[in-house]
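In order, the protein sequences belong to chains H and S.
If you read the first sequence in my numbering, its first letter stands for residue 107, the second for the next number, and so on.
If you read the second sequence in my numbering, its first letter stands for residue 47, the second for the next number, and so on.
Heads up, a few of these hints could be off.
Stated by the list, open to error - As a list, the in silico DSSO-like pairs of lysine-lysine whose alpha-carbon atoms are at most 27 Å apart: (1) S:K59 / H:K306; (2) S:K239 / H:K110; (3) H:K146 / S:K55.
What the hints assert, rightly or not - Some residues of chain S that are not near chain H, with every Cβ distance over 12 Å (derived): (4) K59; (5) P172; (6) G235; (7) E253; (8) R254; (9) Y280.
Just so you know, the hints here were simulated from the structure itself, not pulled from any lab data.
Predicted model, so just to flag it, every value in this text is computed and none were measured.
Yeah, the Cβ is synthetic: ideal placement off N, Cα and C, and Gly gets one too.
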Amino acid sequence: MEIKFFDANIYLGTQMLGSYKPAVKASELLEKMDELGIEKALVYHMSQFEYSPEEGNKMLVETMEGSKRLFGCWTILPPQTEEIITEDFFGRMKKNRVFALNLFPVHHRFLLKGIVFGQFFKELIKRKIPLVLSMREGGSTWEMIYSLLNEFPELLCIISDLGIWGVDRYTFPLLEKYRNVYLESGVLSLHEGSFEMAIKKYGAERVIFGSGFPEKYPEAAMLHLLHSNISAADKMKVASGNLETIISGVKL
Amino acid sequence: MKKSLQLAKDFFKYGMVKDCPVYDMHGHMGSHYGIYFPSSSAEKMVNAMKQANVKKLVFSHHGCLMSNAGNQLSIREARKFPEYLKVYCSVNPNYPELAEKDLAAFDEANDVYAGIKMLADYHKRPITDAGYKKAWEFANKRKLPVLLHTWGKSVFDGPELVGEVAQKYPDAKILMGHSCHGEWEKAVGLANKFKNVYLELTAVLDERGPLEKFIEEAGSKKIFFGTDMPWFSYHNYIGAVLGAAQKEEDIRNIFYINAEKLLKSPGDA
Numbered sequence: 107m108e109i110k111f112f113d114a115n116i117y118l119g120t121q122m123l124g125s126y127k128p129a130v131k132a133s134e135l136l137e138k139m140d141e142l143g144i145e146k147a148l149v150y151h152m153s154q155f156e157y158s159p160e161e162g163n164k165m166l167v168e169t170m171e172g173s174k175r176l177f178g179c180w181t182i183l184p185p186q187t188e189e190i191i192t193e194d195f196f197g198r199m200k201k202n203r204v205f206a207l208n209l210f211p212v213h214h215r216f217l218l219k220g221i222v223f224g225q226f227f228k229e230l231i232k233r234k235i236p237l238v239l240s241m242r243e244g245g246s247t248w249e250m251i252y253s254l255l256n257e258f259p260e261l262l263c264i265i266s267d268l269g270i271w272g273v274d275r276y277t278f279p280l281l282e283k284y285r286n287v288y289l290e291s292g293v294l295s296l297h298e299g300s301f302e303m304a305i306k307k308y309g310a311e312r313v314i315f316g317s318g319f320p321e322k323y324p325e326a327a328m329l330h331l332l333h334s335n336i337s338a339a340d341k342m343k344v345a346s347g348n349l350e351t352i353i354s355g356v357k358l
Numbered sequence: 047m048k049k050s051l052q053l054a055k056d057f058f059k060y061g062m063v064k065d066c067p068v069y070d071m072h073g074h075m076g077s078h079y080g081i082y083f084p085s086s087s088a089e090k091m092v093n094a095m096k097q098a099n100v101k102k103l104v105f106s107h108h109g110c111l112m113s114n115a116g117n118q119l120s121i122r123e124a125r126k127f128p129e130y131l132k133v134y135c136s137v138n139p140n141y142p143e144l145a146e147k148d149l150a151a152f153d154e155a156n157d158v159y160a161g162i163k164m165l166a167d168y169h170k171r172p173i174t175d176a177g178y179k180k181a182w183e184f185a186n187k188r189k190l191p192v193l194l195h196t197w198g199k200s201v202f203d204g205p206e207l208v209g210e211v212a213q214k215y216p217d218a219k220i221l222m223g224h225s226c227h228g229e230w231e232k233a234v235g236l237a238n239k240f241k242n243v244y245l246e247l248t249a250v251l252d253e254r255g256p257l258e259k260f261i262e263e264a265g266s267k268k269i270f271f272g273t274d275m276p277w278f279s280y281h282n283y284i285g286a287v288l289g290a291a292q293k294e295e296d297i298r299n300i301f302y303i304n305a306e307k308l309l310k311s312p313g314d315a
């Protein structure tokens, strides 16, 4: 049975401090994906994080060049400043093939609270738009995520870039309590036994394949998934099925 | 996977390659204060080894490193699976009398001992500290592997200190665990300058770039595979090496040729 991969964690562009063999153009990324056997990817642009969400979101759309294999993920900021979330925001998402949103509250200096995003997050829940919560430096903190889900328990969240030190003590309670919380598999698969344990306890529906390219080796998460101690059907769910289901459920 | 190397294709297809075993030169065992490890017992670790054709793991139990219990715990667990497990004698410089006692009893456990382990960043004494002196002399005299935890800019086990001990103990085989993490250039410099200093891959492989640099600038004969098992998974780390190394010879050197040579006869490595 051939396993198709839909990667939930790739960025285009380069880091300010230098990147090792990044994909600057869509064609470069697609070539890499072909080499690896990754069919589709949810992508953002590093400039959304490091430079400016406003400009970075535009750069993402330009860089994706309308590729049908790439699905955009824009970065949001508090609606009150009207830098990102403006009139017809969801219409623009649709027009530009953007199916998910991410945010980096520490680096972009805002709070992940209902007072900031209340109405907007209610809209995300209604529209089943996934919110990617990166744990990379400058992303979210565990306290922020716990507080966010306490306020918006139905929010569809993909927690990505899990830390190098195992994070099961943080993630398992979230998986237990909130049915719409998912884990991205890249760094999860780094931790011996954690990937399998998360699936055993909470189901393969809760883990989504992600590689972390260009910072991480996609071969690492792929080889791990292909030879992990889960069923073939569960491997298919993690590799692409779960993300396909989420993306096809988005209402823009 | 459209990898050009047949060896890489075989790893992806079968999860292991019979004639390309893996030796893990950096492992631990047991539970840990800061992390939940689902597979930290000797039984579960050996099971994980079998699934990736990992022939040998050299480890130091968390209980030996993070308490003053001595090395009996490592020895006891290794003897359950002598074919798979070898032990680093952990040395805590805060308890020099205990280290001395363990070194004196080294030959009583020479069926499992393979070298010495120093975790200076955690024990908060530099690898040049007097508390380590006996262990260094012991390793130097016997030409033993010494697995250091090394980290960039560390005042306990940073690259400058590695250079000092490498010079002073030229017959000890120094494996720079984590390869002076972050100070990759200096780690490569040490591996090139000293015949007895080697790069080790634990916590190196979660970032693209450093291993490619190591292979290019130090050569794969100076690189050992390691995972911090039960911290990091074999298939994840094997996949990372396959992502970085472009030549079969390099993959084989890293996975087993270097380690087989070192464990067989440390003096000739």
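Outcome of the hint check:
Proposed proximity of S:K59 and H:K306 is supported: the alpha carbons are some 24 Å apart, at most 27 Å. With a CA separation close to 46 Å, the supplied pair S:K239 and H:K110 exceeds the 27 Å bound. Between H:K146 and S:K55 the CA atoms are separated by roughly 21 Å; this keeps the pair inside 27 Å, and the hint holds. The claim that S:K59 is not at the interface with chain H is violated, since a C-beta of that chain comes within 12 Å of its own (minimum 9 Å).
Separation of S:P172 from chain H is adequate, the least Cβ-Cβ distance of about 24 Å exceeding the 12 Å criterion. The non-interface label for S:G235 is consistent with chain H: the shortest C-beta to C-beta separation is roughly 20 Å, beyond 12 Å. Taking the minimum C-beta to C-beta distance to chain H, about 6 Å, the non-interface status of S:E253 is violated against the 12 Å cut. Against the 12 Å criterion, S:R254 falls within the reach of chain H, whose nearest CB is about 5 Å from its own CB.
Distance check on S:Y280: its Cβ comes as close as 8 Å (rounded) to a Cβ of chain H, failing to clear the 12 Å threshold; non-interface status is violated.
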